[in-house]
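I would like the entire structure built from these sequences, with the hints used as guidance.
Protein chains: 6
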Amino acid sequence: MGVVRRNESISTWEDSDFVQGFALLSRKDVRQDRKGRDYVDGELTDSSGRMSAKIWPDSPAIKSNFAENDFVAFKGTVHLYRDQLQVNIDHCRQVRDRDRDDGFDPELLIPSTPEDLDELGRRLEALLPGAIERPALADLVREAQRRYGDRLRVHPAAKRIHHAYRGGLLEHVVKMAELAVDVCRHYPEIDRDLVLLGVYFHDLGKLREIGAMPVNDYTLEGQLVGHITIGVEMLRECCAAVDQVSDDLRLHLEHLVVSHHGRREWGSPIEPSTPEAFVLHLIDNLDSKLNQRRDLPPTEGDLQYDKALGRTIYLGKPDKPEDKAS
Amino acid sequence: MGVVRRNESISTWEDSDFVQGFALLSRKDVRQDRKGRDYVDGELTDSSGRMSAKIWPDSPAIKSNFAENDFVAFKGTVHLYRDQLQVNIDHCRQVRDRDRDDGFDPELLIPSTPEDLDELGRRLEALLPGAIERPALADLVREAQRRYGDRLRVHPAAKRIHHAYRGGLLEHVVKMAELAVDVCRHYPEIDRDLVLLGVYFHDLGKLREIGAMPVNDYTLEGQLVGHITIGVEMLRECCAAVDQVSDDLRLHLEHLVVSHHGRREWGSPIEPSTPEAFVLHLIDNLDSKLNQRRDLPPTEGDLQYDKALGRTIYLGKPDKPEDKAS
Amino acid sequence: MGVVRRNESISTWEDSDFVQGFALLSRKDVRQDRKGRDYVDGELTDSSGRMSAKIWPDSPAIKSNFAENDFVAFKGTVHLYRDQLQVNIDHCRQVRDRDRDDGFDPELLIPSTPEDLDELGRRLEALLPGAIERPALADLVREAQRRYGDRLRVHPAAKRIHHAYRGGLLEHVVKMAELAVDVCRHYPEIDRDLVLLGVYFHDLGKLREIGAMPVNDYTLEGQLVGHITIGVEMLRECCAAVDQVSDDLRLHLEHLVVSHHGRREWGSPIEPSTPEAFVLHLIDNLDSKLNQRRDLPPTEGDLQYDKALGRTIYLGKPDKPEDKAS
Amino acid sequence: MGVVRRNESISTWEDSDFVQGFALLSRKDVRQDRKGRDYVDGELTDSSGRMSAKIWPDSPAIKSNFAENDFVAFKGTVHLYRDQLQVNIDHCRQVRDRDRDDGFDPELLIPSTPEDLDELGRRLEALLPGAIERPALADLVREAQRRYGDRLRVHPAAKRIHHAYRGGLLEHVVKMAELAVDVCRHYPEIDRDLVLLGVYFHDLGKLREIGAMPVNDYTLEGQLVGHITIGVEMLRECCAAVDQVSDDLRLHLEHLVVSHHGRREWGSPIEPSTPEAFVLHLIDNLDSKLNQRRDLPPTEGDLQYDKALGRTIYLGKPDKPEDKAS
Amino acid sequence: MGVVRRNESISTWEDSDFVQGFALLSRKDVRQDRKGRDYVDGELTDSSGRMSAKIWPDSPAIKSNFAENDFVAFKGTVHLYRDQLQVNIDHCRQVRDRDRDDGFDPELLIPSTPEDLDELGRRLEALLPGAIERPALADLVREAQRRYGDRLRVHPAAKRIHHAYRGGLLEHVVKMAELAVDVCRHYPEIDRDLVLLGVYFHDLGKLREIGAMPVNDYTLEGQLVGHITIGVEMLRECCAAVDQVSDDLRLHLEHLVVSHHGRREWGSPIEPSTPEAFVLHLIDNLDSKLNQRRDLPPTEGDLQYDKALGRTIYLGKPDKPEDKAS
Amino acid sequence: MGVVRRNESISTWEDSDFVQGFALLSRKDVRQDRKGRDYVDGELTDSSGRMSAKIWPDSPAIKSNFAENDFVAFKGTVHLYRDQLQVNIDHCRQVRDRDRDDGFDPELLIPSTPEDLDELGRRLEALLPGAIERPALADLVREAQRRYGDRLRVHPAAKRIHHAYRGGLLEHVVKMAELAVDVCRHYPEIDRDLVLLGVYFHDLGKLREIGAMPVNDYTLEGQLVGHITIGVEMLRECCAAVDQVSDDLRLHLEHLVVSHHGRREWGSPIEPSTPEAFVLHLIDNLDSKLNQRRDLPPTEGDLQYDKALGRTIYLGKPDKPEDKAS
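Protein chains in written order, with this note's numbering: chain H, 3 to 328; chain E, 3 to 328; chain S, 3 to 328; chain D, 3 to 328; chain B, 3 to 328; chain G, 3 to 328.
No wet-lab data here; the hints were simulated from the structure.
Values in this document were obtained by computation on a predicted structure and should not be read as measured data.
Accuracy of the hints is not assured; some may be wrong.
Copies of one chain are not kept apart here, so a pair can be met inside one copy or by any two copies together.
[Stated by the list, open to error] With a straight-line Cα cutoff of 30 Å, these simulated DSSO-like cross-link-like pairs (lysine-lysine) come out:
1) Lys291 <-> Lys161
2) Lys65 <-> Lys77
3) Lys291 <-> Lys322
Right, dumping it as structure tokens:
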């Protein structure tokens with residue numbers, strides 16, 4: 003009943019399958035069995051998901067040389083153990099350059115945004131700086147992109163909860179920017195430039211708060227200072243480099259970064275005090291909450307338990323018209 | 003230095019002006035002076051604002067017949083007393099039908115939405131039911147409009163805080179609906195029909211919670227039951243009348259009404275548990291907060307103290323480009 | 003040392019006993035052992051308690067046909083495993099009608115109130131409608147009993163925490179009603195009719211919020227709308243059917259249902275605003291808290307850890323006089 | 003239109019009345035008018051209520067000798083000033099012993115319970131110690147009554163909020179005790195002796211926390227230590243004097259005093275951890291809340307604004323049957 | 003009974019005094035009397051206190067040229083009005099340079115620390131940088147002093163609540179530094195350098211958050227960004243200028259500034275996560291609370307009502323030994 | 003690779019070691035294996051730490067006579083099981099008197115303060131009563147030491163969180179007293195006597211709230227009454243015995259005990275209302291927080307997860323100068 007799967011996504015593996023390919027060894031703990039022999043309790047990850055992995059003492063792989071967070075080439079067999087699939091590894095080694103010929107591609111092995119990164123990049127540029135009216139602010143975005151654009155492109159937006167994957171931060175910024183343009187159309191008293199700049203900078207401090215994928219854990223700076231204060235510093239450095247942004251304008255932008263969590267107890271030392279800051283906080287909230295939904299593991303029927311919120315979410319769309327559901 | 007003002011808005015009155023016209027007598031307290039003679043401590047209101055009014059014992063108006071919340075024809079003089087303007091009334095009587103020839107128009111005398119009510123009505127219809135895909139839900143909107151459309155058109159959305167004026171509820175619903183359409187375009191997984199129906203029904207209970215303008219105080223039903231529970235009942239009655247809305251669909255709509263305040267401590271007995279309920283709560287929050295901004299009295303410079311939030315709001319738009327500010 | 007127990011309560015089973023009888027199969031998960039063979043990890047429940055149950059691959063029962071939440075006839079042996087008793091099942095099948103001759107009685111197999119249901123029914127009727135002074139309200143109770151009396155008789159009052167068993171809701175209502183009569187005697191300014199009606203309707207929405215025993219999980223309506231809002235609808239439908247209840251009276255009753263949780267953060271969108279609503283909230287609190295005590299599993303000495311409250315409860319009654327303790 | 007009122011309650015006074023009698027001078031502030039002459043801004047209080055009082059510079063009373071919180075004999079005239087009644091005092095002096103012949107009775111001049119104090123005393127004794135089963139606990143009550151009975155009889159139960167009048171503490175204890183007997187009948191697992199003793203001692207510390215009427219302000223001990231900790235000490239002293247109360251019993255009683263506010267943030271350092279403590283907390287809550295209702299000043303219609311709760315209370319009893327309302 | 007007071011502190015003025023000297027005109031509102039003539043409702047302030055001031059229409063001063071927050075030379079008479087002293091101004095003009103010969107000294111006219119500023123400066127230098135062990139950190143302090151030392155010397159520490167006077171910030175820093183040295187002696191595991199640097203920088207952002215005396219209101223930057231985020235920027239700029247502070251060290255210092263309010267809801271976006279951060283938060287709390295005590299206005303006996311805490315403070319020192327009290 | 007360790011601390015044991023010596027058997031649960039044979043799942047503790055211990059059915063120790071919380075003599079072998087060290091016991095018996103010759107010393111077997119107890123005693127006496135100025139208060143300390151000194155010397159300060167070891171309470175008191183002396187030097191308005199007495203008495207109630215080591219669980223009195231109320235009683239008894247402490251002084255001391263947790267929700271029924279009470283609360287907070295740090299198990303790098311605070315603590319001291327680190 004098991005089949006042979008070569009270079010197939012982890013999410014497709016089933017009980018008894020023989021599997022072979024490339025993965026990220028996202029965890030590696032060396033343990034001892036009752037007889038004192040070493041075995042490895044680890045985990046394989048690719049962009050589709052993750053699975054527990056064991057390298058038993060009698061596996062040839064036990065003597066290979068590889069470390070946690072290495073990309074590895076592996077062979078093994080999938081088993082069901084206590085209702086969970088796990089893979090017993092027979093062969094395992096670090097990848098080599100020439101593995102690319104056999105299908106190794108690191109981009110396929112870490113969880114990534116479902117969107118196309120290039121396309122996201124173009125959508126960003128169309129609005130930031132594309133839609134900015136004040137020349138000084140457009141220059142500010144260009145300066146920031148020059149400094150951070152490459153990292154913004156691939157960074158996750160969070161360690162967990164929402165957009166916790168490669169490209170997640172860029173996706174979050176682009177969606178919020180597009181949403182901001184539409185929201186501002188309904189409220190002409192809102193200064194759209196400011197909201198868009200707020201969207202760009204609000205989470206930029208995460209580039210230093212959270213490590214890049216695949217590691218994405220908090221950095222020491224993240225733990226001690228936090229992305230809000232870091233983000234203000236990054237904003238100030240960009241303003242200083244551009245040198246045409248007036249002080250009042252800079253203060254307003256700093257306020258957007260500082261206040262975007264909306265309340266002190268949610269981590270903003272200053273609470274939203276401009277209409278633009280309210281808009282930024284609310285569209286950030288909207289995009290995060292909805293993305294969070296999408297990331298949750300499927301559960302029974304139309305229900306999904308959301309640990310962060312502590313309640314069950316209902317995803318049913320009763321009587322949805324045909325044409326729309328297709 | 004005082005001028006004669008006939009049928010001019012209260013907001014234009016200045017110290018020493020002689021004023022004449024029509025107003026709502028929004029407060030009337032009969033008091034006694036040191037000599038035991040009656041005088042009236044009251045308040046005149048029109049759509050532009052309100053001013054304290056006195057009818058002294060020696061004013062001919064003291065013997066006229068009129069009551070609190072009457073529309074009145076008046077003559078008087080404006081004075082500065084303890085840094086506040088007030089008007090001393092010489093003549094005052096209830097309005098008569100033929101006063102319309104002299105410019106009496108009740109619509110001008112109560113605070114109203116700055117938008118045109120007919121135009122708002124057309125914008126509502128274009129989306130609700132105009133943009134609804136499920137025929138049963140479009141019928142549901144039509145049924146609700148048949149029952150409540152006239153009152154929805156002129157009701158305030160709140161006793162204070164936001165949209166607390168004639169037409170405020172309709173304006174709030176229309177802006178949220180238009181915003182919802184744009185937001186849903188960015189999140190195809192959201193069921194737009196449901197969000198739009200949620201927009202329509204979420205505050206409908208306010209028709210019974212708050213009295214119509216000019217009285218807009220809480221009704222006994224508002225105090226004892228509250229607009230959320232009332233709104234669910236109104237929704238159920240409409241569903242029962244239409245009779246094609248499935249139970250699942252109705253439950254989802256009830257959920258949208260019940261949960262739209264977002265948190266138990268903000269008055270929702272059940273918290274948002276569908277993606278559509280999150281969207282509804284957040285766009286309600288957005289439109290209320292921004293309207294609230296607009297209603298605040300102007301203060302010094304670009305600063306405005308917001309009593310509901312307990313902090314000062316900054317309304318500056320630094321370096322705003324010319325073409326946009328105009 | 004094990005004995006043979008036929009048709010004895012689960013709470014009496016001990017290590018090594020051979021047991022035979024009828025039970026509710028309250029959980030059935032099919033799993034695979036290391037060799038890939040199916041086994042069942044399940045749970046047997048009767049009114050006295052519950053025990054983990056295993057059907058191993060070599061048990062004849064493994065091929066029988068039965069499902070989760072079926073009543074089953076079984077044979078098995080009790081073992082101590084990791085400090086917990088569990089039963090290994092040898093035979094297991096769905097019950098048949100003629101099993102009643104051998105002692106099968108579904109009423110014995112689900113947790114039930116210790117009170118006699120018929121007696122509870124009579125006590126209810128004596129007060130509701132028996133003690134109601136306004137004819138319209140007595141009729142209202144009769145109408146509600148006609149509609150919901152049968153389900154009220156057997157429904158649990160909660161999914162967990164308090165009165166979470168068959169007949170629990172009726173027991174809760176009867177005890178509160180009897181308590182209400184006594185409390186009102188001490189406060190003549192309280193309108194007893196209203197409190198008693200509040201007692202009757204306050205949790206009635208649980209008939210639709212929670213499934214009947216043995217399933218008693220939240221329904222979709224329970225999750226999306228909640229028993230408070232459901233209860234108001236049930237009350238309104240009864241009022242409409244009776245058609246003599248004045249609007250003011252109905253609003254007051256709705257208020258009792260809406261506010262009975264006492265605070266917004268405890269789930270009441272409107273907080274108690276009449277003296278009767280305070281009384282209802284407090285006697286509901288009293289009866290729930292005391293019943294909760296009674297349901298807790300016994301622990302060492304006179305101490306009992308209460309997970310819901312997060313603290314240890316002391317049940318000692320020092321120096322209790324003989325005659326009373328007996 | 004004014005009448006002459008001699009020895010009539012303040013609550014009966016109306017505009018223009020000439021009034022004469024005895025009162026408590028509950029406030030006396032000496033101020034200066036524009037010409038630098040002294041006048042008194044004060045307040046007269048009797049058991050029926052209070053009224054603002056002025057002694058103008060030209061009043062003969064201005065030279066009399068009396069102090070704040072003195073009982074005084076007075077003559078004056080009532081006036082309406084800014085919608086409030088106030089009395090202008092012509093004569094005012096401290097009371098003398100022989101004033102008792104003219105109707106002076108201090109008991110009539112401070113706010114008191116509407117109940118008869120002797121009758122309350124008998125009702126207390128019937129239950130405490132009358133209904134106590136354990137001889138040691140009955141003795142404990144007798145010892146406490148011997149020590150504190152006289153002061154308990156006349157002390158207020160609070161500085162404001164509930165039972166804030168002479169005899170208020172006794173009334174509160176008696177009503178709770180009678181209620182406790184009824185509640186315990188419904189829950190035989192509750193140890194009634196303990197609840198009754200808890201009722202007796204729970205607020206006893208207020209004898210030292212709050213001064214006796216008419217002063218009833220916080221004492222220094224009340225401010226620094228609080229009635230809960232004081233009450234535990236009073237209980238311990240009584241236990242030590244009686245000398246038959248076992249340690250376990252005493253600890254349980256101490257727990258009842260310590261925990262009766264129900265939550266840490268409401269002032270109980272230890273939260274209720276016995277069933278008896280839950281009962282005590284809830285009936286204390288019930289009696290306080292309902293008494294609080296009764297003390298509120300009447301407002302328009304059936305509505306009453308409750309400052310402590312921050313919401314409007316509705317006191318209507320719709321369609322109350324004739325025989326009951328009479 | 004009034005005396006002539008020349009160049010005496012406002013706190014010494016009494017009813018009927020004729021006063022002359024220099025003061026800060028801390029408020030100036032131009033109003034109109036009943037006859038439409040301008041008068042000034044203002045306030046005089048010096049380092050000893052403040053008093054309401056009136057310039058009536060017939061005062062020669064009414065035509066003088068001076069503005070709010072000017073230092074003025076004045077003459078006037080003190081009166082008691084509604085239990086409050088106020089001064090009626092006869093002459094008033096801006097100060098001139100040669101007024102210094104007559105006793106004008108701006109330092110005497112704004113509320114100031116009771117400590118000597120030079121002495122505070124020496125005490126600061128002895129510890130910061132005097133007691134710093136790491137040369138890089140001592141340089142960091144020197145750099146900061148070079149940049150901010152002059153303003154630190156005279157700035158208030160708060161708009162209200164604690165140290166809200168000239169030199170308040172320096173006094174607060176010096177006292178905390180001296181306290182920190184003592185506390186660290188008891189806990190050798192604490193890195194004293196870090197705590198001292200934290201003391202220096204923790205409130206430095208107030209130089210930009212609050213205006214200098216006499217204006218000390220929030221600046222726009224204070225309102226929009228807040229002193230915590232501003233302080234981190236000032237720290238970073240100093241670190242960049244010094245250029246020997248390692249990144250880890252800088253992060254730790256930033257953490258001290260960011261976390262010194264102790265909790266998110268008190269305004270720290272990151273909560274204390276190093277032992278040094280706990281120490282800093284607690285000694286800041288200690289010095290602020292105790293200074294706050296000292297600033298409160300005296301009230302009756304040993305009691306003092308503290309509005310910020312919402313409770314009465316008892317300042318009695320019972321039975322204090324003679325030698326210590328002297 | 004394993005070595006033989008005789009009378010060595012548990013913290014030194016490693017995989018495969020053969021160990022022999024004395025320990026506290028801090029847990030003993032008898033369980034059954036699959037074959038129904040008894041084995042012991044227990045835990046050995048000494049002052050250096052604790053380790054899981056197993057006595058298998060075939061161990062000679064299984065038949066020995068010993069109970070939970072006995073001191074035992076044992077022999078066994080250390081193994082790594084699921085990444086945790088555990089010891090398999092071969093021999094185990096209760097200690098005998100003559101074991102002291104072989105190195106048994108109960109003081110070595112329970113977690114203790116790292117400080118020398120005699121030295122702590124001397125440091126206490128130097129301040130309490132040594133530094134007390136009022137003779138009555140010095141006598142009060144002597145009386146308390148006479149009553150409680152012996153138990154104070156060895157009691158833990160808490161069940162967990164901080165100072166949860168033998169001598170912990172004394173260490174906490176001594177450190178706080180020494181800290182108090184230094185803090186008071188900076189604030190001469192603080193009454194040092196009162197703070198020192200507050201330090202002595204603030205946690206004294208823990209002598210009755212928590213059992214002595216090694217048992218240190220809550221007593222029934224601890225659970226029902228709590229150390230704050232107990233502590234006030236102990237203070238009162240000492241005051242009564244000394245008989246020269248004035249009532250005002252005693253009230254102030256009681257206030258210090260009652261309020262030392264700082265807030266109602268942290269367990270103080272009355273919040274700090276004297277400057278001395280603020281000081282006491284803050285230095286208690288400081289010493290507890292810092293001791294808590296020291297007790298945490300070491301984790302990776304300079305990071306340490308603190309469960310009580312729910313966040314990671316960073317213990318790095320970047321670039322610490324050589325001389326100081328040594």
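* **Within, between, both or neither: Lys291, Lys161 at alpha-carbon 30 Å** => For Lys291 and Lys161, both the intra-copy (15 Å) and inter-copy (29 Å) Cα distances are at most 30 Å.
* If the cutoff is 30 Å on CA atoms, where do Lys65 and Lys77 land: within, between, both or neither? Let me know, please. => Only inside one copy: Lys65 and Lys77 sit 15 Å apart there, 36 Å across copies, limit 30 Å.
* Identical-chain pair category, Lys291 with Lys322, by Cα at 30 Å -> Within one copy only: 23 Å inside a chain, 32 Å across chains, cut-off 30 Å.
When held up to the earlier numbered hints, the structure conflicts with none and fits them all.
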